[in-house]
Amino acid sequence: MKDMLSTNLESPNAADACVTESQVNAYFECLTLCNLDDGSCYEQCILVHLKNEVEACKR
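Going by the working numbering, the residue at position 49 of the sequence shown is 49; the numbering climbs one at a time, nothing skipped.
Read the hints as simulated data drawn from the structure, not as lab findings. Each hint should be verified, as a subset may be incorrect.
To be verified - Cross-link-like lysine to any residue pairs, in silico, SDA-like; alpha carbons within 25 angstroms at most:
(1) K51 with L36
(2) K58 with Y42
(3) K58 with A26
(4) K51 with T32
(5) K58 with Q44
(6) K58 with Q23
(7) K58 with E43
(8) K51 with L31
(9) K51 with E21
(10) K51 with V24
(11) K58 with V24
(12) K58 with C45
(13) K58 with F28
A quick note: this is a predicted structure, and the numbers were derived from the prediction, not measured.
Taking the hints into account, I'd like the entire structure generated from these sequences.
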């Protein structure tokens, strides 16, 4: 299993990052406002703060 993990993970490189530190911070701030039982809140935080940026970077 260790080999599988090591082959699928790459070292992060700040130059290649699609999401900025401020976006990650905003994502975590969003999470702190969510109720622990509200899965849709967590999903919304991902969509608003992370997903669109990652998809834009892939283009």
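Exercise for review: Report the numbers of all earlier hints that the structure fails to satisfy, in ascending order.
Suggested key: none
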